[in-house]
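Protein chains: 2
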Amino acid sequence: MDEFALIEKLFRPLAGPGALDLKDDAAILTPPPGMDLVLTKDAIVEGVHFRADDPPQRIAQKLQRVNLSDLAAKGAKPLGYLLAAAFRKDTDPDWLEGFAAGLAEDQARFGWTLLGGDTVATPGPLTFSLTAIGTVASGKTILRTGAVAGDDVFVTGTIGDAGLGLALLADPARLPDAALRQTLIERYQVPQPRVSFGARLHGFAHAAVDVSDGLLADAGHLAKASGVALDLELAAMPVSDGARAMIGAGSAQPAQLLWLGDDYELVFTCAPSSRAKVERLGAEEGVPVSRIGTVRAGGGVHLLSDDRSEIDVESIGYTHF
Amino acid sequence: MDEFALIEKLFRPLAGPGALDLKDDAAILTPPPGMDLVLTKDAIVEGVHFRADDPPQRIAQKLQRVNLSDLAAKGAKPLGYLLAAAFRKDTDPDWLEGFAAGLAEDQARFGWTLLGGDTVATPGPLTFSLTAIGTVASGKTILRTGAVAGDDVFVTGTIGDAGLGLALLADPARLPDAALRQTLIERYQVPQPRVSFGARLHGFAHAAVDVSDGLLADAGHLAKASGVALDLELAAMPVSDGARAMIGAGSAQPAQLLWLGDDYELVFTCAPSSRAKVERLGAEEGVPVSRIGTVRAGGGVHLLSDDRSEIDVESIGYTHF
Chain G
599 MDEFALIEKL FRPLAGPGAL DLKDDAAILT PPPGMDLVLT KDAIVEGVHF RADDPPQRIA
659 QKLQRVNLSD LAAKGAKPLG YLLAAAFRKD TDPDWLEGFA AGLAEDQARF GWTLLGGDTV
719 ATPGPLTFSL TAIGTVASGK TILRTGAVAG DDVFVTGTIG DAGLGLALLA DPARLPDAAL
779 RQTLIERYQV PQPRVSFGAR LHGFAHAAVD VSDGLLADAG HLAKASGVAL DLELAAMPVS
839 DGARAMIGAG SAQPAQLLWL GDDYELVFTC APSSRAKVER LGAEEGVPVS RIGTVRAGGG
899 VHLLSDDRSE IDVESIGYTH F
Chain A
599 MDEFALIEKL FRPLAGPGAL DLKDDAAILT PPPGMDLVLT KDAIVEGVHF RADDPPQRIA
659 QKLQRVNLSD LAAKGAKPLG YLLAAAFRKD TDPDWLEGFA AGLAEDQARF GWTLLGGDTV
719 ATPGPLTFSL TAIGTVASGK TILRTGAVAG DDVFVTGTIG DAGLGLALLA DPARLPDAAL
779 RQTLIERYQV PQPRVSFGAR LHGFAHAAVD VSDGLLADAG HLAKASGVAL DLELAAMPVS
839 DGARAMIGAG SAQPAQLLWL GDDYELVFTC APSSRAKVER LGAEEGVPVS RIGTVRAGGG
899 VHLLSDDRSE IDVESIGYTH F
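Quick mapping for you: the protein sequence lines, in order, are chains G and A. All letters in the first sequence, in the order written, are residues 599 to 919 by my numbering. All letters in the second sequence, in the order written, are residues 599 to 919 by my numbering.
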């Protein structure tokens, strides 16, 4: 099958140490001494997680990046990945080359390599699954369960941009400024997982999660797993210039941003004694970090206004955007 | 989404050590000291690798077993797996329960557990990919590249049964004996990977491969990877009672069996000094093992008749069956 021969040719240069040149149906991994492995696996389907006319480079990058974001939230450093790809037999060779180029570009950017996988034919939508493997010092993996009362809650970057970008793809008129609009759209199209920042969080972050479902939803997962309540301050939420412009134009409300997904920022909690460490890490990695709240005994995520009264987040939720 | 809640409920009991109860989007693996990890990943697609009306238990089992066979060929012991599953939203709850039951049954049988994964919606065919992780003593993984001139070539079990079973599903009249026919069909439907046998091969097997594409094709992969020639004797090939009956009835030719896939037996090579070890291992594991040829300098796979003249295997190949 010519298409499979082409894929083999395109994928072989992506193979890293242990991949046995992709010739052996298996990879060998000698775990670095003193390290645990963190494993995560996300799948994406054409028409569900990406559009048929998305550039193949970008699909390959998004596939890597959603998984890299999961590793970052665990405090893990990317090591390698396995890829299962279901292609249609009529998939264009140019498309395949673009896909491989996207894989190659992000491999180099994030410092990991292809370990192995499988390529199969499908009569249906293109479907990819990636198994990501990262390393973290033994016993130091950051879990969702570790938040304790008294912790600060931090978030990297800005919130809601990807969701606004998706909305702008459908209705560009909601943000007339073309440059700001493009920035938001790129936040949706090319996630920037906090890989090197996340890999340095272990040791002082008590709990972490990446923002894929939306800040409130993902913070809710962390609160539930840790058995604590999170008090988050609306005024402390980091908002980009583009999001600010949309809020100014009446195209979005601040609290709505917290329901929007796909930002791939990190939410994490630390003891207040770690504030200087967090600040230094952000400065060294060039990652903006905002303190957005605190952890207390209880349950759930509570969004507070300036006067510390609780905002009914459900009433301004995702479904209203 | 109710279907996803059901899947979560069904999959959670499958989670093993390190899976964090499937609640954390990642698994943690502390590699056993002195062990390498062997990783392999196979995907299956409805309508391509299984039929829409196959029982879901059997699909789940086949998904595990094709991957377990890859681990066995590496001399690795199964440790755990990650599963990506793309379901249609209208997938029947009974189907999902059957699928989970199949996973559970084979987990218990083969002594490994679910580590994590992802469940997504698809508008297309059901698509599954499994990343299998096994352990082998450090540096002892059996590769395809290790065969050396002078080695014996062995194969486990019998050859060609699964392919004959597939043919019998389409045309049962080719084997009138119902019991023998059923045995061959089951060989196709429920592969029996040589897991415990394979896990004891390291240390004396020089090279191994599992028979998924067909004995000649897979032996060819081994020969090519090792840079050697394999001389295989047609008369030494292990043939089941069912296959023998089909040959007797003129429904199959002996050499055709060597082109048929999906047997999931192991082909491996060892120094002649290891013959007693191979025999003992087969006896202890209850696995029939046949010596079917030898390795010599050169290239390719050569099938020899009783008088050691070479049989033109291409002329009686798969496409003629």
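It should be emphasised that the hints constitute simulated quantities derived from the structure, not laboratory data. Check the hints yourself; a few may be wrong.
Identical copies carry no separate label here, and so any pair may be met within one copy or between two of them.
Capping the alpha-carbon separation at 27 Å, the derived lysine-lysine pairs in DSSO-like fashion look like this [unchecked claim]: (1) K875 to K738; (2) K687 to K875; (3) K687 to K621; (4) K687 to K738; (5) K621 to K607; (6) K607 to K875; (7) K738 to K822; (8) K607 to K822; (9) K621 to K822; (10) K621 to K738; (11) K607 to K687.
Since the model is a prediction, treat every value here as computed from it, not as a measurement.
We went through each hint and held it up to the structure:
no.	hint	in the structure
1	K875 to K738	within (17 Å within a copy, 43 Å between copies)
2	K687 to K875	neither (52 Å within a copy, 46 Å between copies)
3	K687 to K621	within (22 Å within a copy, 36 Å between copies)
4	K687 to K738	neither (44 Å within a copy, 38 Å between copies)
5	K621 to K607	within (11 Å within a copy, 38 Å between copies)
6	K607 to K875	neither (46 Å within a copy, 40 Å between copies)
7	K738 to K822	within (21 Å within a copy, 43 Å between copies)
8	K607 to K822	between (46 Å within a copy, 17 Å between copies)
9	K621 to K822	between (44 Å within a copy, 10 Å between copies)
10	K621 to K738	between (34 Å within a copy, 18 Å between copies)
11	K607 to K687	within (16 Å within a copy, 36 Å between copies)
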